[in-house]
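Chemist: Residue numbers (the numbering used here), protein chains in the order written: chain A, 1241 to 1523; chain B, 1241 to 1523; chain C, 1241 to 1523; chain D, 1241 to 1523.
Hints are computed from structural coordinates only; laboratory data are not their basis.
Keep in mind that the hints are not guaranteed to be accurate.
As the list claims (entries may be wrong) - If you want the ones that stay clear, here's a sample from chain A, every Cβ over 12 Å from chain C, calculated:
no.	residue
1	Lys1243
2	Asp1279
3	Asp1296
4	Lys1326
5	Ser1334
6	Leu1354
7	His1363
8	Lys1387
9	Gly1417
10	Arg1450
11	His1460
Stated by the list, open to error - Straight-line C-alpha distance at most 27 Å; calculated DSS-like pairs for lysine-lysine:
no.	chain 1	residue 1	chain 2	residue 2
12	D	Lys1505	A	Lys1442
13	B	Lys1511	A	Lys1518
14	B	Lys1449	C	Lys1511
15	D	Lys1505	A	Lys1335
Computed from a predicted structure; not experimentally measured.
Yeah, the Cβ is synthetic: ideal placement off N, Cα and C, and Gly gets one too.
Protein chains: 4
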Amino acid sequence: MNKITILIHCKDQRNIIASITNFISEKEGNIVYIDQHVDREQNIFFMRLESEFETDNFSTEAFKESFKTHLAAKFNMKWRIYSDIKPKMALFVSKYDHCLYDLLGRYNSGELFLEIPFIISNHKDLKSIADSFNIPFYHIPVTKENKTEAENKQLELLENHNIDFIVLARYMQIVSGKLIAKYPNKIINIHHSFLPAFVGAKPYHSAYKRGVKIIGATSHYVTEELDAGPIIDQGVTRVSHTHSIEDLIAKGRDLEKIVLANAVKLHTNRKVMVYNNKTVIFS
Amino acid sequence: MNKITILIHCKDQRNIIASITNFISEKEGNIVYIDQHVDREQNIFFMRLESEFETDNFSTEAFKESFKTHLAAKFNMKWRIYSDIKPKMALFVSKYDHCLYDLLGRYNSGELFLEIPFIISNHKDLKSIADSFNIPFYHIPVTKENKTEAENKQLELLENHNIDFIVLARYMQIVSGKLIAKYPNKIINIHHSFLPAFVGAKPYHSAYKRGVKIIGATSHYVTEELDAGPIIDQGVTRVSHTHSIEDLIAKGRDLEKIVLANAVKLHTNRKVMVYNNKTVIFS
Amino acid sequence: MNKITILIHCKDQRNIIASITNFISEKEGNIVYIDQHVDREQNIFFMRLESEFETDNFSTEAFKESFKTHLAAKFNMKWRIYSDIKPKMALFVSKYDHCLYDLLGRYNSGELFLEIPFIISNHKDLKSIADSFNIPFYHIPVTKENKTEAENKQLELLENHNIDFIVLARYMQIVSGKLIAKYPNKIINIHHSFLPAFVGAKPYHSAYKRGVKIIGATSHYVTEELDAGPIIDQGVTRVSHTHSIEDLIAKGRDLEKIVLANAVKLHTNRKVMVYNNKTVIFS
Amino acid sequence: MNKITILIHCKDQRNIIASITNFISEKEGNIVYIDQHVDREQNIFFMRLESEFETDNFSTEAFKESFKTHLAAKFNMKWRIYSDIKPKMALFVSKYDHCLYDLLGRYNSGELFLEIPFIISNHKDLKSIADSFNIPFYHIPVTKENKTEAENKQLELLENHNIDFIVLARYMQIVSGKLIAKYPNKIINIHHSFLPAFVGAKPYHSAYKRGVKIIGATSHYVTEELDAGPIIDQGVTRVSHTHSIEDLIAKGRDLEKIVLANAVKLHTNRKVMVYNNKTVIFS
Chain A
1241 MNKITILIHC KDQRNIIASI TNFISEKEGN IVYIDQHVDR EQNIFFMRLE SEFETDNFST
1301 EAFKESFKTH LAAKFNMKWR IYSDIKPKMA LFVSKYDHCL YDLLGRYNSG ELFLEIPFII
1361 SNHKDLKSIA DSFNIPFYHI PVTKENKTEA ENKQLELLEN HNIDFIVLAR YMQIVSGKLI
1421 AKYPNKIINI HHSFLPAFVG AKPYHSAYKR GVKIIGATSH YVTEELDAGP IIDQGVTRVS
1481 HTHSIEDLIA KGRDLEKIVL ANAVKLHTNR KVMVYNNKTV IFS
Chain B
1241 MNKITILIHC KDQRNIIASI TNFISEKEGN IVYIDQHVDR EQNIFFMRLE SEFETDNFST
1301 EAFKESFKTH LAAKFNMKWR IYSDIKPKMA LFVSKYDHCL YDLLGRYNSG ELFLEIPFII
1361 SNHKDLKSIA DSFNIPFYHI PVTKENKTEA ENKQLELLEN HNIDFIVLAR YMQIVSGKLI
1421 AKYPNKIINI HHSFLPAFVG AKPYHSAYKR GVKIIGATSH YVTEELDAGP IIDQGVTRVS
1481 HTHSIEDLIA KGRDLEKIVL ANAVKLHTNR KVMVYNNKTV IFS
Chain C
1241 MNKITILIHC KDQRNIIASI TNFISEKEGN IVYIDQHVDR EQNIFFMRLE SEFETDNFST
1301 EAFKESFKTH LAAKFNMKWR IYSDIKPKMA LFVSKYDHCL YDLLGRYNSG ELFLEIPFII
1361 SNHKDLKSIA DSFNIPFYHI PVTKENKTEA ENKQLELLEN HNIDFIVLAR YMQIVSGKLI
1421 AKYPNKIINI HHSFLPAFVG AKPYHSAYKR GVKIIGATSH YVTEELDAGP IIDQGVTRVS
1481 HTHSIEDLIA KGRDLEKIVL ANAVKLHTNR KVMVYNNKTV IFS
Chain D
1241 MNKITILIHC KDQRNIIASI TNFISEKEGN IVYIDQHVDR EQNIFFMRLE SEFETDNFST
1301 EAFKESFKTH LAAKFNMKWR IYSDIKPKMA LFVSKYDHCL YDLLGRYNSG ELFLEIPFII
1361 SNHKDLKSIA DSFNIPFYHI PVTKENKTEA ENKQLELLEN HNIDFIVLAR YMQIVSGKLI
1421 AKYPNKIINI HHSFLPAFVG AKPYHSAYKR GVKIIGATSH YVTEELDAGP IIDQGVTRVS
1481 HTHSIEDLIA KGRDLEKIVL ANAVKLHTNR KVMVYNNKTV IFS
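Produce the entire structure from the sequences given, and follow the hints as far as they go.
Modeler: Shown next, in the form of structure tokens:
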């Protein structure tokens, strides 16, 4: 049994849905999931579709070629088609261990549909955690002086392992435009505030100073503009005057873990589409 | 422009989606919304679809007839097809005014897609509110002795006004099996607890006694078994030992208002399907 | 039985709590509530205390005088002492009715410990609602030209009725520094966003554009700097790409009602203290 | 510097607060935290107080003796006094690893004020996790036949290590009345539902079947009656018809981790008092 997932967006037009479902039907596919969204402000049509093909000689590549020629061209679609294989995720970390523990715990228990070929860090602190989960750990220090060189090492590792997407699990370095350009909407960051409130560094300190009654965390794709990329998921929790900055940080860690894990799951299940710096998240 | 909404459920089978979208296409309809769900435990397929027809001579009745013959019969579907007209809601109340104020405020501001031909109450207390919103108010007292008679009066009003669905906005009488049978999955109740916790009367007192840290409210369709019908929406809020029973009741009122209004909106937008005492809620 | 509520803040020092409880004890008072908070960043002590006095000749004024001389002076306290009478609230509204309906509904049902001598509006639209609740409604239009004159009319009404605090229930004018100076930390506003995200006008439009997954509302005291006063309460709710701006506005209305009502209750129950633009909220 | 925490409950009476604060003052203590609660239904007074003593010859034991004689006797108080030392926690686990990983991760990062002398399990599965955190792991299988013997082994370990409290981190055995009697309100369990909904085994399956829109988790002290002990904390999260039972279980794991960790923190910070099967949770 072959299963593929199709993501499409294009200008909203008549008969798109019928055309797509007919196309699948002609290829003897059975649609097992279909969902669509129309952004009425911008007149953009989005669709997510899963289809199964029982035919022995089904080829995802041939399907893609036919889809491109007969359907995508006609409606001027942007599209992606995925077969049912686990994406490869590279983990970037620094010194904070809570998101790392959380993701590896979920990975170990089989909760995540992905592979983790390696972990990259600019510090050595978390190597023992990587070791206890038997995942290769590459220590690539980053300084002002060696920035380009460090990045090239990262890129080499990413390419050699055919990495599909990157997760910055509280990685405390700003990634370069070059890396972002190579992995557009494929680098997931966790920001420790309810964006767009408190962009930049030390958001819990800022939240404390402002006296907010709720704090949050935001997972988003990394774009050139800092903390301004498309939001994938957000979570919040109540705080009060009784909480110190340390309390906010501790409560925040719980949010960060869950919000980042949600983003990873949505991404690997191909549920996220991006358009005009916003996400469409299919259920 | 004619717009219809189609709700379908049937045994999951191959090619359902393609068959339906083809059928719409042949009728020169343009699908503007499609969403589906498969309950894998029970192997049931659910679909919600909105379609627009520009043809001058489109008739919803003719479409229904054709749908029934050519499509529904083939897949053994349960189906409903709605044209784009406001459903008629009857409001049943007793003495509590918060849900009544809330629904009428929303109605007045144009937030709700429905008409309210009248309000029925077993008490006179809320008549002045109905008056201030210019909605007819029928006082039908209910006692042990007059129960059948009172119910017949209710049924007469409901039928004379072609009521589509009933909302029990803290109506403090148990509705009869006869009424339920006439309006299956068309009577919406708000229960002041997080069902299935604290079924029956005085749930806030029970919650207080049990020392729970969160209280809730539940909107559901009324079925013969008390407080056990299909859940449409639920809401919760935190409480603590500092809250008295009166505090829980006050906090609960806010939940009840929002959870009931959500249920009314979901119902009138034809987003709810019921199967095996559970709801499928389309987005 | 006489009951008073005492709010204190001062530099944190040894023996404050014992000194205060002794003082009350000497006056033959019985402490029925005591809570305190120390802001360790700024070394400030906050306390809220309720005490009952059974003596026939108890005088709040005499108690205040003695408290000031013997206790407040010694510890250099900022303090307020309230006897158990309902504060007078002035309601300022414009065209949106949801917060008005909500507050008046709560007022009518006895949920709020306050009096509402009148409602002021710069538009006539909501007069009929005020009428249906039998509350005087003053229409004071505000234009660029008559701004000072309009404000003087407002101030005259506020003073003539001995108003204790003001609630801006979606009042669409910026109040002047003069009014703010007369009612410091006594003007409560509801901002329709999760501050400090989306300050200024049209926050739901901004939230929609940014693609956030959660929207919020914030009640705060009004200060000279727009949308930057001490936060009293905040609430949030989830949204998704399926929600239009109108949906966000509708969902936001529910948040605004609850968050504003919470702030009013906290204020009238003397549970809020302000220091350095932040609130301490006692339970 | 000596710091103690005092927890008291007794019948509500006049002058309790002044008597306690005076007593501390006479002992030259400085009160750094005081909070109280009166249960008006049952007329019970609760207090939590932290005090610091600078005197060189301060002895917690002597203070306790004096407190007992001069204060507790007079007001017929139930009381506990703690000095500032880390309580010892025994972890009981079975096969699920998520709560174990979570607690040990927090423990490692210094977030928890406690010591973990050992982990007990009725299965060997999680030994490697205990090893990677360098915590002794005792495998004590439990069968119908060896139940008493197994329990005696557990009790011996608990006593030899002076264990203060026990955490059942998804321990899949029912603990005996003997153990409960030795550790009253000192055994914390995490139940994977929003109690009192779905008591007993397989709550996620029950929640799925009932079609609830929100699932929860509950941490509570273990009492003889199953799943009916005093609730310490509860958490909830939204679910929909799109979630399978496996999805509910996965979402539930995140709740369980946070709700159990919260309970452990509240317990070790001596913020929890129990009366009549309900908790008072100080802030």
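Chemist: Examine each Cβ of chain C, and state whether all of them lie more than 12 Å from the Cβ of lysine 1326 of chain A.
Modeler: 26 Å, holds
Chemist: Regarding the assertion that aspartate 1279 of chain A does not contact chain C, is the least Cβ-Cβ distance greater than 12 Å?
Modeler: Violated, since 8 Å does not exceed 12 Å.
Chemist: When you look at the beta carbon of glycine 1417 of chain A, is every beta carbon of chain C farther off than 12 Å?
Modeler: 22 Å, holds
Chemist: Grab the minimum beta-carbon distance between lysine 1387 of chain A and chain C and tell me whether it stays above 12 Å.
Modeler: Non-interface label stands for lysine 1387 of chain A: nearest chain C Cβ at 30 Å, farther than 12 Å.
Chemist: Holds or violated: is the Cβ of arginine 1450 of chain A farther than 12 Å from all Cβ atoms of chain C?
Modeler: Violated, because the least Cβ-Cβ distance between arginine 1450 of chain A and chain C comes to about 6 Å, which does not exceed 12 Å.
Chemist: For the pair we were handed, lysine 1505 of chain D and lysine 1335 of chain A, check the Cα-Cα distance against 27 Å.
Modeler: 24 Å, holds
Chemist: Quick one: work out the minimum CB distance from serine 1334 of chain A to chain C and report holds if it exceeds 12 Å, violated otherwise.
Modeler: 26 Å, holds
Chemist: So histidine 1460 of chain A supposedly isn't at the interface. Is its beta-carbon more than 12 Å from every beta-carbon in chain C?
Modeler: 9 Å, violated
Chemist: Once the closest CB in chain C is found, is it more than 12 Å from histidine 1363 of chain A?
Modeler: 29 Å, holds
Chemist: Per the stated criterion, does the least C-beta distance between leucine 1354 of chain A and chain C lie above 12 Å, as a non-interface residue requires?
Modeler: Given that every Cβ of chain C is farther than 12 Å from that of leucine 1354 of chain A, nearest at about 22 Å, it holds.
Chemist: Run the distance test for lysine 1505 of chain D versus lysine 1442 of chain A: straight-line Cα separation, threshold 27 Å.
Modeler: OK: lysine 1505 of chain D and lysine 1442 of chain A at ~25 Å, within 27 Å.
Chemist: Holds or violated: are the alpha carbons of lysine 1511 of chain B and lysine 1518 of chain A at most 27 Å from each other?
Modeler: The hint holds at about 25 Å.
In summary, the structure is inconsistent with hints 2, 10, 11 from the numbered list given earlier, while agreeing with the others.
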